[in-house]
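Go ahead and model the full structure; you've got the sequences and the hints to work with.
Number of protein chains: 2
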Amino acid sequence: MSQQLVVGIDIGGTNTKFGIVDRRGTILCDGRMLTNQHEDVACFLDELHQHLAILIEQVGGIENIKGIGVGAPNGNFYNGNIEYAPNLRWKGVVPLAQLLQDKFGLPAVLTNDANAAALGELIYGAARGMKDFIVMTLGTGVGSGIVANGQLIYGHDGFAGELGHCIVIPGGRFHPGTGAHGSLEAYASATGVTNSALELLKTRPDTQSILRDHLLEEINSKVIYEAAMKGDPLAMEVYEFTGQILGAALANFVMFSSPEAIVLFGGLTKAGDLIMKPVREHMEKNLLPIFQNKVKLLFSELKESDAAILGASALAWEMKD
Amino acid sequence: MSQQLVVGIDIGGTNTKFGIVDRRGTILCDGRMLTNQHEDVACFLDELHQHLAILIEQVGGIENIKGIGVGAPNGNFYNGNIEYAPNLRWKGVVPLAQLLQDKFGLPAVLTNDANAAALGELIYGAARGMKDFIVMTLGTGVGSGIVANGQLIYGHDGFAGELGHCIVIPGGRFHPGTGAHGSLEAYASATGVTNSALELLKTRPDTQSILRDHLLEEINSKVIYEAAMKGDPLAMEVYEFTGQILGAALANFVMFSSPEAIVLFGGLTKAGDLIMKPVREHMEKNLLPIFQNKVKLLFSELKESDAAILGASALAWEMKD
Chain A
6 MSQQLVVGID
16 IGGTNTKFGI
26 VDRRGTILCD
36 GRMLTNQHED
46 VACFLDELHQ
56 HLAILIEQVG
66 GIENIKGIGV
76 GAPNGNFYNG
86 NIEYAPNLRW
96 KGVVPLAQLL
106 QDKFGLPAVL
116 TNDANAAALG
126 ELIYGAARGM
136 KDFIVMTLGT
146 GVGSGIVANG
156 QLIYGHDGFA
166 GELGHCIVIP
176 GGRFHPGTGA
186 HGSLEAYASA
196 TGVTNSALEL
206 LKTRPDTQSI
216 LRDHLLEEIN
226 SKVIYEAAMK
236 GDPLAMEVYE
246 FTGQILGAAL
256 ANFVMFSSPE
266 AIVLFGGLTK
276 AGDLIMKPVR
286 EHMEKNLLPI
296 FQNKVKLLFS
306 ELKESDAAIL
316 GASALAWEMK
326 D
Chain B
6 MSQQLVVGID
16 IGGTNTKFGI
26 VDRRGTILCD
36 GRMLTNQHED
46 VACFLDELHQ
56 HLAILIEQVG
66 GIENIKGIGV
76 GAPNGNFYNG
86 NIEYAPNLRW
96 KGVVPLAQLL
106 QDKFGLPAVL
116 TNDANAAALG
126 ELIYGAARGM
136 KDFIVMTLGT
146 GVGSGIVANG
156 QLIYGHDGFA
166 GELGHCIVIP
176 GGRFHPGTGA
186 HGSLEAYASA
196 TGVTNSALEL
206 LKTRPDTQSI
216 LRDHLLEEIN
226 SKVIYEAAMK
236 GDPLAMEVYE
246 FTGQILGAAL
256 ANFVMFSSPE
266 AIVLFGGLTK
276 AGDLIMKPVR
286 EHMEKNLLPI
296 FQNKVKLLFS
306 ELKESDAAIL
316 GASALAWEMK
326 D
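Chains as they are written, first to last, in our numbering: chain A, 6 to 326; chain B, 6 to 326.
There could be a bad hint or two in this list.
Because identical chains cannot be distinguished in the list, a pair is counted as satisfied if it fits within a single copy or across any two copies.
[Stated by the list, open to error] Simulated pairs of lysine to aspartate or glutamate, DMTMM-like, Cα-Cα distance not exceeding 20 Å: (1) K136 x E309; (2) K207 x E245; (3) K71 x E323; (4) K325 x E44; (5) K227 x D162; (6) K108 x D45; (7) K207 x D311; (8) K301 x D107; (9) K299 x D162; (10) K299 x E68; (11) K207 x E309.
Just so you know, the hints here were simulated from the structure itself, not pulled from any lab data.
In C-alpha cells:
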C-alpha cells in the first residue's frame, strides 16, 4: 500500500529539474537547481540530495517512494551511465544511476530525455494504453522515443531511437553538430526552421515579408512563429516546407514499426495546424496504401513545463520490482 | 517429452512448400504443391492435408507435433488472416490459421514471409541468441523483419517492417507496383538491379561492357551477376551503386532500432563482397559516431532452398503454449 510515489529527475544542459509524482501524473512538489555548478558529480549529488530530502519529507518520507527515474543526455538505460555527454561538465562515463542508488537508498534507473518523453506519454499522456507509438521531440534538436510491443526500444546498446539523425534528403543541408548532410534535425528543429527562413529570404528577394524588418541575426524560430501567426506568407511557407520534410520522414518511420500513433512534442508544435496540416498531408502521401489513414498524429498532452519531470518519473513506474 | 517437432508451411505465389522440422532446424521431411490450383481455399487445404498427413505419420504421428507455422504474402500475425494478397487466387480475407487449426487439430500461427525469415534467423540461423536485429530479404522485392527486445515487431496492425517501401531518394526512381518514387525496393531488388544496369548502359555509351552483347530485354539480375563475376566494369558499378543506396538506407534503420546485426538474405547476396563492401562502407559513412563499427553485417546462414520452410516453422516454436 505504500510506495505510491516516484521521483523524477531531468538533467538538462542548464537546469536539473526534479519532482515527486503520483500514479496519475500529478507533480506533488518540485524544484530545480543548476546542473553545471559542480565539476565533481559527487558535489552535484550532495546538492540534489539536500533539495530532494526536503521534498521527500513533505510527502511523508522515503517509505512512500518506489524509486527514482532520470532523464539525461546520452543516458544509457542498460548500465545506468551517462556516457560522454557533450553539454555536461562531468566527462567520460558517469555511473549516475548507481550513484543515486547509493546516495538515496532507492532503486534508480536512467535513460535519455526523448525516451523518457515517450514513457511520459505512455504512462500519463496521449499514448496511454497504446502498445505501439513513436514520440518525436521537436525542439532545439530532434529526438525520438519508440515503443513497440508495449516496450521502449533501446536497441542492443541502449542508443536506439535517434530518428533526428536519419538522412531524409541525401546530400541535403549540412548539420554542423554531426557533419551529416540532410538529416531530419537539420530541418525539423528550431535551428532548422531558422535556416529554412534565412534560405527563403535569400532565394525569394521579391517576396514581401515582415521578417525583412529584422536583422538576419535576429531571426529565430520564435520570430518566425510570430510572423506566421500574423499570416506572413514567407513565414507560413517555412512551416509548409518543414512539415513536408517531417511528414515524409514520418512515413518512413511508420513503414518501420507501424505505430498506432505518432505524438509530436516541443517548440515546433506551438504552430498548431500550420505545421500539423503539411505533416499529415505529406506523411499520408508517402505511405503505402495499407498504412494510409490509420496512424493518429497527435500533439503531446503533457504541459511542456511538467513533461521532463513526468517523463523521468515514468521510468520509475516501469521499473521491475 | 513429446511435441519435439513443428510443421512449417510457406505459401508462395507459385508453390506452397511444407516440411516437418526439429528444434535444431533439421527438415526431417518435406514436400511441395502448386498454390493456385484451387479457387476454393477449402480444396487447397484438402490437398495440403493429404500431403502433410503422410509426412506426419512418417515422423511418428500428430502427438509429436507442437503446432503449425505459416509464412504467407500479406499474412497478418494478429488475426491469422491472409488479407487481400494480390498474387493468390483466394480473394479478400482468408482466415487461414483458423482453417488449418480446424483441419489438423493443431494450433496454427501465420505471418508474412519476411517476418518468418527473421524468426528463422533467430531460431536456427545467423541471429541465434540476439535480441535486436533486422533481416532484409533482397529478392524479387525487398522485405524486412525486425526483432527488438527479443520480439518480432508487428506494429499495431500486424504490418510493421515494410522497409523496402521506405523512400530513400526523394523524387527518385519510379516503382510501378506502388506508384512511389525512390523507394528502397526500386533499387535493391532484382528488378532494381536490372534497371540500374539499363540506366548505366544508356548514360555511359562509351563504357565497354559485355552486357552490350545482350538484347536489352535479355538483361536481368542473373546476367548482370555473371558479368560482374567476370570483372565487367559496368556490371560491377551496378553493384557499387546498389550497395551505396542500400548501405545508406541501412544506416537510417540502425538509427531506429540500433540492432546488433543486420542479416541479408536472398538473390542479391550471391554477389558476396561485390555487394557487401559498398553496403558496409556507405552504412558506416552515414551513421552517427556512437553507432559506427558496432553493427554486424551478416549474410543469412540458412540454405535458400530450406529458408522458407524453416522461417515458417520457427513461428510455431515461438507460439505460446
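The hints, checked one at a time:
1. With identical chains, the CA atoms of K136 and E309 are never at most 20 Å apart, being 23 Å at best within one copy and 34 Å at best between copies.
2. Within a single copy, K207 and E245 get their C-alpha atoms as close as 17 Å, which meets the 20 Å cut-off; across copies the closest is 38 Å, which misses it.
3. With identical chains, the CA atoms of K71 and E323 are at most 20 Å apart within one copy only, with a shortest distance of 11 Å there and 34 Å across copies.
4. Neither within a single protomer nor between protomers do K325 and E44 lie at most 20 Å apart by alpha-carbon distance, with minima of 33 Å and 52 Å respectively.
5. Taking the shortest Cα distances, K227 and D162 never come within 20 Å of each other, neither inside one copy (36 Å) nor across copies (38 Å).
6. Taking CA atoms no more than 20 Å apart as the test, K108 paired with D45 passes inside one copy only; the shortest distance there is 15 Å, against 69 Å between copies.
7. For the identical chains of this complex, K207 and D311 are neighbours neither inside a copy (39 Å) nor across copies (60 Å), given an alpha-carbon limit of 20 Å.
8. Taking the closest pair of Cα atoms, K301 and D107 never come within 20 Å of each other, the shortest separation being 42 Å inside a single copy and 37 Å across copies.
9. For a Cα distance limit of 20 Å, the shortest separation of K299 from D162 across copies, 9 Å, qualifies, whereas the shortest one inside one copy, 31 Å, does not.
10. Taking the shortest Cα distances, K299 and E68 never come within 20 Å of each other, neither inside one copy (45 Å) nor across copies (42 Å).
11. In this assembly of identical chains, the alpha carbons of K207 and E309 never lie at most 20 Å apart, being 34 Å within a copy and 55 Å across copies at closest.
Of the hints listed earlier, those the structure fails to meet are numbers 1, 4, 5, 7, 8, 10, 11, in rising order.
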